[in-house]
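Going line by line, the protein sequences match chains X and V. Count the first sequence with the working numbering and you get residues 1 to 428, in order. Count the second sequence with the working numbering and you get residues 1 to 428, in order.
These aren't lab readings, by the way, just hints derived from the structure by calculation. Where a beta carbon is used, it is the ideal one built from N, C-alpha and C, also for glycine. Check before you lean on any hint, since a few could be wrong.
What the hints assert, rightly or not - Derived, one-sided and incomplete: chain X residues facing chain V with beta-carbon distance under 8 Å: (1) L57; (2) I72; (3) D74; (4) Q85; (5) Q109.
Unchecked claim - Label pairs and their computed distance ranges (CB to CB): (6) K349/V <-> A130/X: 50 to 58 Å; (7) S128/V <-> N233/X: 42 to 50 Å; (8) K120/V <-> V51/X: 27 to 35 Å; (9) M1/V <-> D151/X: 27 to 35 Å; (10) S128/V <-> D151/X: 16 to 24 Å; (11) R122/V <-> N233/X: 26 to 34 Å; (12) D151/V <-> V51/X: 32 to 40 Å; (13) R122/V <-> R273/X: 52 to 60 Å; (14) A59/X <-> A71/V: 27 to 35 Å; (15) R194/X <-> A130/V: 50 to 58 Å.
Protein chains: 2
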Amino acid sequence: MGRIVMKFGGTSVADLDRIRAVSRLVETEVRAGHEVAVVVSAMSGETNRLVALVDALDADRIGDEDRHGGAIHDEYDSIVASGEQVTSGLLAIALRRRGIRARSWLGWQIPLRTDKAHSKARIAEIESSAIGPSLSAGNVAVVAGFQGVSDDGRISTLGRGGSDTSAVALAVALKADRCDIYTDVDGIYTTDPRIVPEARRLHRIAFEEMLELASLGAKVLQVRSVELAMNYNLPIRVLTSMADDGQPNPGTLVCHEDETMEERVVSGVAYSRDEAQITLLRLKDKPGMVAKVCKAMSDAGVIVDMIVQGISRSDNAANMTFTVGKRDLETALSALEKAKSDIGFEGIKHDSGVTKVSVVGIGMRSHTGVAQTMFEALAEKGINIEVIATSEIKISVLIDSEYTELAVRALHSAFELHAQTAPRVSAP
Amino acid sequence: MGRIVMKFGGTSVADLDRIRAVSRLVETEVRAGHEVAVVVSAMSGETNRLVALVDALDADRIGDEDRHGGAIHDEYDSIVASGEQVTSGLLAIALRRRGIRARSWLGWQIPLRTDKAHSKARIAEIESSAIGPSLSAGNVAVVAGFQGVSDDGRISTLGRGGSDTSAVALAVALKADRCDIYTDVDGIYTTDPRIVPEARRLHRIAFEEMLELASLGAKVLQVRSVELAMNYNLPIRVLTSMADDGQPNPGTLVCHEDETMEERVVSGVAYSRDEAQITLLRLKDKPGMVAKVCKAMSDAGVIVDMIVQGISRSDNAANMTFTVGKRDLETALSALEKAKSDIGFEGIKHDSGVTKVSVVGIGMRSHTGVAQTMFEALAEKGINIEVIATSEIKISVLIDSEYTELAVRALHSAFELHAQTAPRVSAP
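Throw the hints in and build the complete structure from the sequences for me.
Written out as structure tokens, the structure reads:
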């Protein structure tokens, strides 16, 4: 007996049959005696349909710039949030037809308060004084994910994928015992199974590892939702909504690290193709040059990821290489051109055909030799490393994108991730 | 310079191009210096799509009756109201792209308060303290029609077609000078132009006449919206949203009667095929029998319209004929069968192949001979009258549906409605 939050993404509620399947998963938890809040996304495809309507009108331009009516994020939010509104109502109906008391809750009804940064709002506060007693009275709360209300009484949205975050935040606010994220995969894997068929589902993974994997390209959970769960020590279970009724569906538990996790040196291999590499040529090698580059990027709203500065040469100049998100490349290049004389470099090279491959594991804190194993495995396959970045629990390398699959397979094999056996655990 | 409410139905906002056309109509009023609130329906087809989703889930039945989760009107409302939510946001964007300050208002944001009769709620109160100052400050208010919020904080809807009513109610609350109802016809006609090509658009029509016409089958305006406008003496203009930009679009003004209207004997001919006729055979002719029949119908939720009692016969029994809505026929018949011994009759005949044809005009108050002209015109075409009902400003007859078009044409011609010339007037 506990209180749990269950979250279902767009593919899990894609049509009426999927919504019925979700209602059966919810019923199982209710019949087990749990108090249940369910967070739902829009039916898959629906958000895209609504965004396309907005974009088409937004593109209308008449007369001079001044006549434009300005930003439209507030209306975007009101329009797009209707997708989750529909799903929450439909699931409430499906539950009632299974004899379960349920009602939908929209962001403004809870209320889930956010700031005014429409279309990418951050949660300020979740009121539990209405929804909490409703749960205690035995009603399932079906919550429209991804949305809240700003303090001027308008609908706000958390940005695409914000449903994970709102589910975890709701679980924190409701003092839930666990947040179950249902998705189209059955857990967190040692790496992408499309590249490595031997990839293994992890039974447990530490918050810190999950945070690194999510940041490094694993798309199962959003970074913000993992951060939030870690801060409040709320276990997250990742599991599939596509399982046949009645089949075991253990998923992966994301929780605080324990001893068994620390025995693993590496937990997973992640990769991200959304990278672009920029090299500034013959940069004047004096103090403050790197800071100037970083400031130019930050002023342009571009996040710099990996940085490496080349060896100083006799003419007191060096090359500096760094990576940015692929979609920020154009912005970054034009900002650099503008600041060229101020920063002081002679040329720019760039390459968007690069991939960041990373190994992650909290065991790296107490095990040495991970870097050496990694570099040897890559060298053995003839893969050249362009840039290296490390943290306490991860090592990332930038390589030519053509070698992505080869590198991921080599690392998965070098760290024997297919063979590792973690103890089977059940969720709390 | 005044304050006006403009209302657009589903076909007027059916797609992005129609929404752009609406934004131009709104712009014209704004540039003329008016304060404007716009009430919009869902894009046509959208409400049907959402209702179909609800109906499919609602039809799910598992186990015994007791396990059903009960009524779902609250969730129906939350789902279906999303249609207007989308349109209001889209029109606000289209207006901003024309350089006009605008924002959407949902029912709960105004708030437009209703009772808890979900899916057929009645308006309790419209708060003007937020939307009024926004209008005064020069913002167009784009209001999602058809929806409100009940006092338990749930979304409610006014039932299908409730957008007219919410537009008129909003105009009353905002002390607007006029409510313009844009639709797919360009005004109120002397009769259905599909039946009588010579039918003429009326420049003005009295509230009382419009109320009768709407009740008698004319589908342009909802009965409740006309009642409300009449009670508050709010002029309604009915006009087309399909006019080419810049073309005159005078429509029909619905307002309090004036002298010119009184000179017309008959303003229009209406018909309704949604009728069914029930005859109780050999009813015991003693006091209270009609009341018993009416009570049986009222208990079953069936509204009785026209009633006629046949001539008493020697055996102290009579036939009684009355009409009900066609969709209520089955309910009415089974209620009558149940009450057969209590009421005391020997048999039931029924016929759903009947049409009610009516002539309406406030001039009938002071002109005699309307009934005679009507009955003669029908007799001349060999049309048999089954039942007659009259009020101060209308005469209705029930006839065989096969004669509908013939009767409408005969009456339109007999009262010379094609030739009548009303003075051209402009809206206030």
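Right, here's what the structure says about each hint:
no. : hint                          : verdict
1   : L57                           : holds (5 Å)
2   : I72                           : holds (5 Å)
3   : D74                           : holds (7 Å)
4   : Q85                           : holds (5 Å)
5   : Q109                          : holds (6 Å)
6   : K349/V <-> A130/X: 50 to 58 Å : holds (56 Å)
7   : S128/V <-> N233/X: 42 to 50 Å : holds (48 Å)
8   : K120/V <-> V51/X: 27 to 35 Å  : holds (33 Å)
9   : M1/V <-> D151/X: 27 to 35 Å   : holds (34 Å)
10  : S128/V <-> D151/X: 16 to 24 Å : holds (22 Å)
11  : R122/V <-> N233/X: 26 to 34 Å : violated (50 Å)
12  : D151/V <-> V51/X: 32 to 40 Å  : holds (34 Å)
13  : R122/V <-> R273/X: 52 to 60 Å : holds (57 Å)
14  : A59/X <-> A71/V: 27 to 35 Å   : violated (43 Å)
15  : R194/X <-> A130/V: 50 to 58 Å : holds (52 Å)
In summary, the structure is inconsistent with hints 11 and 14 from the numbered list given earlier, while agreeing with the others.
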